Amino acid sequence: MDRNNNLLYTLIAVLVLAVVLAWAQTGLFGLVSPWNPYTVRIMNLCAINIGLGLALNLVNGFTGQFSLGHAGFMAVGAYTVALLVMSPAAKQMNFFMVPLVAPLDKIQVPFLVGIIMAGLLAALFGLLVGAPVLRLKGDYLAIATLGFAEIIRVVIVNVKGLTNGALGLKSIPGHTNLWWTAAYAALTVLLMVRLVNSSYGRALKAIREDEIAAEAMGINVFYHKMLAFVLAAFLAGVGGGLQASLIGSIDPAMYKLPLTFQILLMVVLGGMGSITGTVIAATIVTALMEILRFVESPLTLGAIHLPGIPGMRMVVFSLLLIVVTLFYNRGLMGDKEFSWDLLHSRRQTKQGVTQ
Amino acid sequence: MALLDLKEVTMRFGGLTAVNSFNLNLEKGELVGLIGPNGAGKTTVFNIITGVYRPTAGKVYLADEDITGFRPDVITKRGIARTFQNIRLFGSLTVLDNVLVAQHLRLGASPLEAVLGLGRYWGQEAKMHERALELLAAVELEAVANEQATSLPYGQQRRLEIARALATEPKVLLLDEPAAGMNPAETVDLMDFIQRIRREFGLTILLIEHQMRVVMGICERIIVLDYGQTIAEGPPAVIQRDSKVITAYLGVSADA
Ligand SMILES: Nc1ncnc2c1ncn2[C@@H]1O[C@H](COP(=O)(O)OP(=O)(O)OP(=O)(O)O)[C@@H](O)[C@H]1O
Ligand SMILES: [Mg+2]
Chain Y
1 MDRNNNLLYT
11 LIAVLVLAVV
21 LAWAQTGLFG
31 LVSPWNPYTV
41 RIMNLCAINI
51 GLGLALNLVN
61 GFTGQFSLGH
71 AGFMAVGAYT
81 VALLVMSPAA
91 KQMNFFMVPL
101 VAPLDKIQVP
111 FLVGIIMAGL
121 LAALFGLLVG
131 APVLRLKGDY
141 LAIATLGFAE
151 IIRVVIVNVK
161 GLTNGALGLK
171 SIPGHTNLWW
181 TAAYAALTVL
191 LMVRLVNSSY
201 GRALKAIRED
211 EIAAEAMGIN
221 VFYHKMLAFV
231 LAAFLAGVGG
241 GLQASLIGSI
251 DPAMYKLPLT
261 FQILLMVVLG
271 GMGSITGTVI
281 AATIVTALME
291 ILRFVESPLT
301 LGAIHLPGIP
311 GMRMVVFSLL
321 LIVVTLFYNR
331 GLMGDKEFSW
341 DLLHSRRQTK
351 QGVTQ
Chain A
1 MALLDLKEVT
11 MRFGGLTAVN
21 SFNLNLEKGE
31 LVGLIGPNGA
41 GKTTVFNIIT
51 GVYRPTAGKV
61 YLADEDITGF
71 RPDVITKRGI
81 ARTFQNIRLF
91 GSLTVLDNVL
101 VAQHLRLGAS
111 PLEAVLGLGR
121 YWGQEAKMHE
131 RALELLAAVE
141 LEAVANEQAT
151 SLPYGQQRRL
161 EIARALATEP
171 KVLLLDEPAA
181 GMNPAETVDL
191 MDFIQRIRRE
201 FGLTILLIEH
211 QMRVVMGICE
221 RIIVLDYGQT
231 IAEGPPAVIQ
241 RDSKVITAYL
251 GVSADA
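Taken in order, these protein sequences are the chains called Y and A. Under our numbering, residue 355 is the last one in the first sequence; the count climbs by one each step, no gaps. Under our numbering, residue 256 is the last one in the second sequence; the count climbs by one each step, no gaps.
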């Protein structure tokens with residue numbers, strides 16, 4: 001009974017969200033979108049960051065393996081999409097120093113194919129990186145993943161015939177819209193909910209709780225860590241690809257530690273091991289990122305004149321992180337999840353053991 | 001012939017020989033006690049059997065298969081389960097999830113089937129739930145199935161560890177000081193419980209225990225370790241009168 005109600009609520013919520021998205025993206029029933037392109041862009045970024053945050057949470061929160069390699073996989077996805085969906089003419093304009101290697105200079109594929117390739121290639125990198133580093137634990141794992149992300153970046157800077165080096169790539173076709181980003185976020189949420197609540201999800205959490213006990217219970221620890229890591233790399237690749245097509249230009253300097261840190265911030269703020277937490281925190285942080293742009297521009301408050309300080313936003317976020325971890329030391333949600341039952345808590349009687 | 005067979009197993013940590021030329025023959029259905037003063041090497045024997053340590057020398061056989069150096073998860077799949085001296089539950093998971101995790105090794109469905117919720121997966125998941133609840137009922141923990149594992153009192157945590165080990169469907173069960181921290185009433189219950197699960201699940205059990213009452217009460221055979229060496233072996237009545245055992249215990253600790 002309750003179950004049916006909850007399903008109904010969920011369907012209604014999804015429908016409302018879809019209508020809002022349709023309205024924002026294309027206008028509705030002849031009404032033009034009241035949302036300006038800037039707002040729509042922020043909504044796109046929110047959705048992408050939800051997916052990216054969940055992917056990182058799968059490894060860092062649910063499996064307990066502290067990885068700092070996210071930006072590397074995003075870079076792989078971003079470059080894959082850019083090189084696959086740009087027109088040959090646009091490629092020629094970009095690669096004026098060193099020509100792009102054949103046959104990539106002639107290839108152009110549909111966006112969907114590019115996005116899937118981005119995920120698959122990032123997953124392949126995840127497999128190659130994961131094989132050595134997932135044998136490490138704690139700090140060593142964090143440093144090794146960070147190192148690999150940096151290697152990916154340095155390779156991108158230097159393989160000019162493939163990536164255009166430090167110049168980056170410009171005029172990437174802007175296929176990304178709310179349909180793509182919302183689908184990415186929604187499918188990632190769905191995937192995470194299903195995975196985390198499955199037998200595999202329990203195995204991942206068991207590894208987080210106690211690796212030795214997990215092994216003693218017959219869980220192949222390395223295989224399961226790899227599963228989480230490669231899946232996260234796939235999702236990071238897709239997210240990176242969508243982001244590249246949204247922003248329109250990419251360069252290797254974008255994919256440094258601060259990018260990973262920004263996603264990590266969302267995961268930690270929301271709560272390691274909470275899907276709901278990441279969704280909420282990714283939305284808030286992304287929106288604040290934009291709203292707080294003013295703190296980096298010159299300010300005049302009456303007689304006081306403040307020069308613009310680049311990076312001030314990250315200072316604000318770091319302070320926010322400190323405050324949240326002090327007062328809610330496990331993030332906004334801890335490892336709790338949203339459920340409709342929480343809303344009308346009166347019905348929340350102590351549940352029996354009926355599964 | 002023996003179900004679990006350890007041949008001349010030696011474990012050195014640097015200069016320390018924790019286990020020295022240790023032999024063990026566990027016949028199917030036996031309940032054998034492993035005792036000895038602190039630091040005698042008992043837990044190290046468990047760690048060797050379960051693949052946590054690879055022995056410096058010697059072999060471990062399970063049903064005549066050489067399992068020396070196998071990964072711990074592979075050994076568990078072969079049919080050896082254990083509990084830990086210092087309880088190692090999956091703390092933030094529920095009691096039920098702790099038992100479910102231990103059945104994951106027998107799940108046939110792939111991650112894709114699990115995520116997509118394909119037919120085979122749901123059937124297996126439903127069976128796992130049913131089995132988990134049966135096991136929790138067997139250890140009288142079904143009432144706390146949805147509680148967080150670490151919220152349980154000590155005695156219940158020990159029982160949960162045993163239920164979790166049973167969920168892997170072992171042939172051989174290794175119990176590392178299951179009565180530690182239990183009060184006398186709980187200890188008596190535990191003795192009954194161990195004998196009951198041995199019958200019900202057709203188990204072969206190796207038991208490490210400091211409380212002599214437990215070991216002498218339920219084991220058919222006892223092996224005494226001291227400084228990694230077997231100093232005596234035999235039925236409880238013989239061990240109790242063995243002069244070497246008495247010296248070893250009085251020499252090191254008086255809690256026997
Ligand atoms: N990983 C290790 N590295 C170094 N020394 C170890 C290691 N594991 C165990 N030891 C040492 O081996 C010896 C045997 O330890 P073990 O834990 O097997 O003893 P035990 O018989 O279980 O003792 P207790 O009754 O206190 O549990 C001890 O001296 C211990 O310090
Ligand atoms: Mg011990």
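Among the hints, a few may not be true.
[Unchecked claim] According to the in silico footprint, chain Y covers these stretches of chain A (three or more CB under 8 Å from chain Y):
#	stretch
1	38-45
2	77-88
3	121-132
Calculated from the structure, these hints are not laboratory results. All of these numbers come straight from a predicted model, not from anything done at the bench. A virtual CB, placed ideally from N, CA and C, is assigned to each residue, including glycine.
Right, here's what the structure says about each hint:
Counting residues of the stretch 38-45 of chain A whose CB lies closer than 8 Å to any CB of chain Y gives 0, so the stated coverage by that chain is violated, three being the minimum. Check result for the stretch 77-88 of chain A against chain Y: holds, 5 residues qualifying (beta carbon to beta carbon below 8 Å, three or more required). Requiring three or more residues with a Cβ within less than 8 Å of a Cβ of chain Y, the coverage given for the stretch 121-132 of chain A holds, as 5 such residues are present.
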